[in-house]
Amino acid sequence: MAVRKPPITTREYWAPGHAACAGCGCATALKLATKAFSEAMEEKYGDPNAFAIAQATGCMEVVSAVFPYTAWKVPWIHVAFENAAAAASGVEAAWKKLGRRGKILAIGGDGGTADIGMQALSGMLERRHNVVYLMYDNEAYMNTGIQRSSSTPYGAWTTTSPPGKYSIGEDKPKKWVALIAAAHQVPYVATASIGNPFDFVRKMKRAAKVDGPAFVQVHCTCPTGWKSPLEKGVEIARLAIETGIWPLFEIENGDFFNIKIQAPGGGAKVKREGGRVVAIEFKKPIEEYLKLQGRFKHLFKRPEAIDEMREQIKAMWKVLGVDVTLPKPGE
Amino acid sequence: MAESPFKADIERVKREYSEKMTPGAVARIPGSSVVNKTGSWRVFMPEFNRDKCVRCYLCYIYCPEPAIYLDEENYPVFDYDYCKGCGICANECPTDAIVMVRETK
Chain L
24 MAVRKPPITT REYWAPGHAA CAGCGCATAL KLATKAFSEA MEEKYGDPNA FAIAQATGCM
84 EVVSAVFPYT AWKVPWIHVA FENAAAAASG VEAAWKKLGR RGKILAIGGD GGTADIGMQA
144 LSGMLERRHN VVYLMYDNEA YMNTGIQRSS STPYGAWTTT SPPGKYSIGE DKPKKWVALI
204 AAAHQVPYVA TASIGNPFDF VRKMKRAAKV DGPAFVQVHC TCPTGWKSPL EKGVEIARLA
264 IETGIWPLFE IENGDFFNIK IQAPGGGAKV KREGGRVVAI EFKKPIEEYL KLQGRFKHLF
324 KRPEAIDEMR EQIKAMWKVL GVDVTLPKPG E
Chain R
373 MAESPFKADI ERVKREYSEK MTPGAVARIP GSSVVNKTGS WRVFMPEFNR DKCVRCYLCY
433 IYCPEPAIYL DEENYPVFDY DYCKGCGICA NECPTDAIVM VRETK
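First to last, the protein sequences are chains L and R.
So the first sequence is numbered by this note's numbering: it starts at 24 and just counts up by one.
So the second sequence is numbered by this note's numbering: it starts at 373 and just counts up by one.
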């Protein structure tokens with residue numbers, strides 16, 4: 024049998040022995056992101072190690088750098104919750120002054136990006152620093168004990184949005200930071216998911232190679248906070264794509280009329296007009312995604328909340344210029 | 373049997389590690405977390421059947437640790453020092469070459 028080469032470099036930048044929970048999707052995301060980055064740097068500058076990381080406080084910072092140990096094999100700086108983008112901007116400016124070639128990777132969680140680090144992120148994108156910002160989106164503050172963030176989806180249980188008699192859990196729609204980042208008209212903005220690692224690696228490489236700022240938002244599962252089985256982490260992320268919960272798109276230079284949308288798979292029918300996706304007919308109901316997670320368990324007693332969720336997903340796809348049809352179970 | 377890509381890191385930590393506090397709390401040894409043998413967290417362990425493997429590399433890509441590395445023939449090797457037993461590799465394996473079995477010590 025002919026043996027294919029590994030689809031990604033075997034150089035490791037993310038060492039084992041870190042303290043992430045078993046089945047952590049974000050750890051997979053960071054492992055792939057650093058590998059993709061090093062491949063891109065090798066292709067662009069001929070030096071696979073020509074990058075450095077600035078990371079905001081968050082799950083992945085806490086688990087990877089328990090003093091005196093570190094899981095990183097690249098120059099890495101930990102900064103406060105709000106200023107990963109600002110620190111990355113500074114490092115980038117210093118590298119420019121020193122004449123060093125390479126690119127800076129800033130990493131933040133959804134709390135450190137969507138809530139606390141929003142201002143620094145906006146400034147970094149607006150000043151056109153040569154930085155890639157990677158937001159790993161596990162949809163709550165998992166590190167401090169599962170509090171809601173503005174990236175928490177509608178209907179989710181968290182410790183600060185508990186469902187009960189008068190509450191359905193989180194009652195506000197998710198904030199899409201990728202769309203906010205795209206509104207800065209930066210060269211490259213994309214969403215990705217660990218449910219489709221090849222797409223994620225391709226987007227990370229693309230982001231690393233563009234000149235100027237880029238933003239990538241990656242969906243990753245958190246078995247602890249989502250109350251999902253450990254081994255289903257990647258499966259859940261894939262179901263999020265296949266049911267329409269998580270769109271995979273790329274926006275270049277803030278051009279909202281030419282959003283590139285990746286086919287979601289899972290039997291979904293994609294309708295294109297002039298190379299552009301205009302409609303997607305999903306075949307899997309969102310219940311398939313929800314039922315695997317304990318954080319959405321209470322919704323099955325309230326079908327009207329799931330219908331509301333469908334309406335919100337349709338509205339979100341409408342922003343991307345796509346008409347979607349979402350089936351109900353049994354249809 | 374291939375060598376772990378982290379062997380050099382483990383030796384370096386053993387050689388250079390000191391309890392002394394560094395200025396600015398700088399962790400001087402890259403990849404020094406390799407001394408934490410997180411394999412003790414495991415309840416279920418992945419068992420690998422080499423004959424069924426088609427070398428699709430999915431387990432190698434998905435492993436969050438990474439506790440899977442590749443040998444000379446590009447078959448996956450499981451590093452039980454670090455595997456936390458999450459079972460993503462077994463769940464994603466298209467040919468069921470990986471199965472999770474309860475670990476007996």
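Because the hints were derived from the structure by calculation, they are not lab data.
Among the clues, some could well be false.
With a straight-line cut-off of 25 Å between C-alpha atoms, the simulated DSS-like cross-links for lysine-lysine are [as the list claims (entries may be wrong)]:
hint	chain 1	residue 1	chain 2	residue 2
1	L	Lys351	L	Lys341
2	L	Lys341	L	Lys324
3	L	Lys306	L	Lys292
4	L	Lys28	R	Lys424
5	L	Lys28	L	Lys306
6	R	Lys379	L	Lys28
Computed from a prediction, not measured in an experiment: that's the story for all the values here.
A quick look at each hint next to the structure:
1. Annotation: proposed proximity of Lys351 of chain L to Lys341 of chain L holds, straight-line Cα distance about 19 Å (limit 25 Å).
2. Among the hinted pairs, Lys341 of chain L with Lys324 of chain L is inconsistent with the structure: their alpha-carbon atoms are about 28 Å apart, more than 25 Å.
3. Simply put, Lys306 of chain L and Lys292 of chain L have alpha-carbon atoms about 8 Å apart, close enough for the 25 Å limit, and the pair holds.
4. For the given pair, Lys28 of chain L sits about 18 Å from Lys424 of chain R by alpha-carbon distance, which is consistent with the 25 Å threshold.
5. Simply put, Lys28 of chain L and Lys306 of chain L have alpha-carbon atoms about 34 Å apart, too far for the 25 Å limit, and the pair is violated.
6. For the proposed pair Lys379 of chain R and Lys28 of chain L, the alpha carbon gap of about 23 Å is at most 25 Å, so the pair holds.
Hint check: violations occur at hints 2 and 5; the rest are consistent with the structure.
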